[in-house]
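Peer 1: Chain by chain, the residues run as shown.
Protein chains: 2
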Amino acid sequence: MDGRDVSAASGVTIYEVARRAGVSIATVSRALRGTGPVAGATRERVLRAVEELRFTPSRAGVSLAEGRHAANGIVFPNLSGPYFAEVLIGYEEVTSELGRSVVILSTKGRDLSTKERGLSVKGRRLSAHGPDLSLNEPGLPGQGHDAIRDLVRELAGRVDGLVVFGSTVPDDVIDELVASRLPLVLISHAERPGAVTLRSENVSSARALATHLLGHGYRTFAFLGAPYATGDDVDLRWQGVHEVLGDAVQPVLTAEYTVESGYEAALRLLGTRDRPEAVICSDDEVALGAILAAEELGLSVPDDVAVTGWDDIMAARHARPALTTVRQPMRELGARAARALDELIAGASLEDSHRTLDTELIIRSSCGQHPHEPHLQELNPQELNRQARHAEESHPR
Amino acid sequence: MDGRDVSAASGVTIYEVARRAGVSIATVSRALRGTGPVAGATRERVLRAVEELRFTPSRAGVSLAEGRHAANGIVFPNLSGPYFAEVLIGYEEVTSELGRSVVILSTKGRDLSTKERGLSVKGRRLSAHGPDLSLNEPGLPGQGHDAIRDLVRELAGRVDGLVVFGSTVPDDVIDELVASRLPLVLISHAERPGAVTLRSENVSSARALATHLLGHGYRTFAFLGAPYATGDDVDLRWQGVHEVLGDAVQPVLTAEYTVESGYEAALRLLGTRDRPEAVICSDDEVALGAILAAEELGLSVPDDVAVTGWDDIMAARHARPALTTVRQPMRELGARAARALDELIAGASLEDSHRTLDTELIIRSSCGQHPHEPHLQELNPQELNRQARHAEESHPR
DNA sequence: TTGTACGCGTTATCAC
DNA sequence: GTGATAACGCGTACAA
Chain A
106 MDGRDVSAAS GVTIYEVARR AGVSIATVSR ALRGTGPVAG ATRERVLRAV
156 EELRFTPSRA GVSLAEGRHA ANGIVFPNLS GPYFAEVLIG YEEVTSELGR
206 SVVILSTKGR DLSTKERGLS VKGRRLSAHG PDLSLNEPGL PGQGHDAIRD
256 LVRELAGRVD GLVVFGSTVP DDVIDELVAS RLPLVLISHA ERPGAVTLRS
306 ENVSSARALA THLLGHGYRT FAFLGAPYAT GDDVDLRWQG VHEVLGDAVQ
356 PVLTAEYTVE SGYEAALRLL GTRDRPEAVI CSDDEVALGA ILAAEELGLS
406 VPDDVAVTGW DDIMAARHAR PALTTVRQPM RELGARAARA LDELIAGASL
456 EDSHRTLDTE LIIRSSCGQH PHEPHLQELN PQELNRQARH AEESHPR
Chain B
106 MDGRDVSAAS GVTIYEVARR AGVSIATVSR ALRGTGPVAG ATRERVLRAV
156 EELRFTPSRA GVSLAEGRHA ANGIVFPNLS GPYFAEVLIG YEEVTSELGR
206 SVVILSTKGR DLSTKERGLS VKGRRLSAHG PDLSLNEPGL PGQGHDAIRD
256 LVRELAGRVD GLVVFGSTVP DDVIDELVAS RLPLVLISHA ERPGAVTLRS
306 ENVSSARALA THLLGHGYRT FAFLGAPYAT GDDVDLRWQG VHEVLGDAVQ
356 PVLTAEYTVE SGYEAALRLL GTRDRPEAVI CSDDEVALGA ILAAEELGLS
406 VPDDVAVTGW DDIMAARHAR PALTTVRQPM RELGARAARA LDELIAGASL
456 EDSHRTLDTE LIIRSSCGQH PHEPHLQELN PQELNRQARH AEESHPR
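Protein chains in written order, with our numbering: chain A, 106 to 502; chain B, 106 to 502.
It is worth saying that the hints were derived from the structure and are not from the lab.
Treat each hint with caution, since some may be false.
In this list, chains with the same sequence are indistinguishable; a pair is considered to hold if it fits within one copy or across any two.
[What the hints assert, rightly or not] With a straight-line Cα cutoff of 16 Å, these simulated EDC-like cross-link-like pairs (lysine to aspartate or glutamate) come out: (1) Lys213 to Glu198; (2) Lys213 to Glu157; (3) Lys213 to Glu369; (4) Lys213 to Asp408; (5) Lys213 to Asp352; (6) Lys213 to Glu202; (7) Lys213 to Asp251; (8) Lys213 to Glu171; (9) Lys213 to Asp255; (10) Lys213 to Glu465.
The structure presented is a predicted model; accordingly, all values stated were derived computationally and were not measured.
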């Protein structure tokens, strides 16, 4: 407990350096950060003293004096699975390139509690069936809510700006952050006045995907996923799909966005005689689970049932059958969020900027043999002409 | 650039709260942190003022005054692939539970440059063949080295302690950290005086794995991996394998520990007529790549060639064939590192503590039909009795 | 070119 | 129970 050394754990202060170099602390500071003039000889002495004493400026001292942290934060729900990790990679890379540290916060299973979960169908909401969706230990309502609020406040206090994934932080906490004028970028969150939002496109990609499946001749569908809040990615994907397929698609909820959850839900869904011809999954991990379930049930994908994913994670290409999916630029999402945040911090008033990144429909074999385009046209001409952008196995990056 | 508000971006200071509540800043501080006595009525007024002004103590001010950051750091090479992400999950969870923030630093492709890469065979080193292993843009030697040093110093300056993965930070930088008396935990790094190290067991697990494969009757082997520094995990795995198999195992280097790298290297390795009967991979991702390569070449796994991995990532269980591997407790590794670091920060002098976590040999189908134990015994009795701990598909966690 | 002195926002030690 | 006030380590006008 001699921990009174916030200065890089070395305890050496600028005063000691100054004394050793025979100058004032102002000169040391100038010599070190190149602000203001310093005579060559003086600089030499200072640098030598710094070297000998292994001086590193105390981060807390610098932050206090500079009025900034030189650190940015990011809030995500978890790191299991490739999606958030990929976004984080892009975010960390750019942020660190900009000379700022990265502070992370995972909200894990902490419940937002005030939200109702389900899929919205034209205003109404379908409640979840299947396993109990309360992933948390039973407790007072709002418990996780308050815990998250505290954690986010703590984080907000030590960074110059924050990136927050949709559905990880209660909206009133978001509002609080906006009100505090903390530079804020929301990823995959409904647009919000005062905050910059960024996401990959969902609705029209979903329409294109659904249309493609119609072209295969499928007529009964299930949408497999665990949607959370209105306006989040999966909710939008559902909307796009539902728009094209109407009552032909049936929503089925999983507990989480994981392989295991997808497997379990698909096992139930495909175990019945009136199983759908195609299962559109909220994301690749759920889809991989669905493929496993089909295999378990002795069903062939895509002959007995077609399966599609979303994201185009690494495993999607390596799955058997290779997974038809919608590729979204995960790393770029993180990278762009980092840059937008940096601009905000620099003072840019790009508030109320809402950017959407393009996606790409990746047709592989899990949705069946690819019919000729002309055939597709017969089914839904105008829809197809507007959207469908495909790519056969064009390598990412 | 009105950024002079390091206090949670709100700009409200303890002085304003004090004035509004009609008390001194000392009382505000006491009321807020429960140190020292405060009259009930006074406390009420203070708390109300805090609420009304939305006051949050400036993190920089607190850090300076308290002499600590309430944040811990972690340095890893990258986040692509499940391994480091899983360790980070465990680390973040415990650290955040302990009330501390998590600052991350990814060294990415930055080269340590002074290291020679290869596999050590009884003192000698085999240089890498295959693709050029310099993953970086050509540059001055030591360039990445210095970049990492600066980044690590920066990180070290804003945390109370650091967890560092082996082979991500040059040894002299590690020594510098140790010398600065910054609480430090090294994961999968050779033991180092003054630093706590933590890792999963490698050598004897590798021996058990090799022994198991011998039991299958295989007689020619390849060890597929991209070893980096002496004493890192893969180096130890190689040592264990080599100890049992001797000249029957041939080391083959990949460019990275990724599916792609494993695929490419395995494609070359298995494309020849004298391909090994079994490929022992440094980790699951490389192994998944090897399986893909075999498939590409029309070879059956395990009938034509056996493949094993290491780690037991999620995909290992779902691969086809399911991957025989060595399970290591990735999340627990991160969690334990966090706890050890916390103890160090709290003042515990568990320096020179070197803990090794147990692993578990997971036999699945990628190494062939499982022969009866008695048969194994005939081959290498004493070796087996000492080590082999198997488990058939016992679910992790 | 260099030094002095103040401010950054808290915590904590004393007196009162 | 409460209030001055001295650290904490650094950046930077301003003066010299």
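Peer 1: A separate judgement is required for each hint: does it hold in the structure or not?
Peer 2: These are the hints, each one checked on the structure:
no., hint, result
1, Lys213 to Glu198, "between (23 Å within a copy, 9 Å between copies)"
2, Lys213 to Glu157, "neither (45 Å within a copy, 30 Å between copies)"
3, Lys213 to Glu369, "neither (21 Å within a copy, 36 Å between copies)"
4, Lys213 to Asp408, "neither (38 Å within a copy, 42 Å between copies)"
5, Lys213 to Asp352, "neither (34 Å within a copy, 48 Å between copies)"
6, Lys213 to Glu202, "between (28 Å within a copy, 12 Å between copies)"
7, Lys213 to Asp251, "within (14 Å within a copy, 36 Å between copies)"
8, Lys213 to Glu171, "neither (33 Å within a copy, 29 Å between copies)"
9, Lys213 to Asp255, "within (14 Å within a copy, 32 Å between copies)"
10, Lys213 to Glu465, "neither (29 Å within a copy, 27 Å between copies)"
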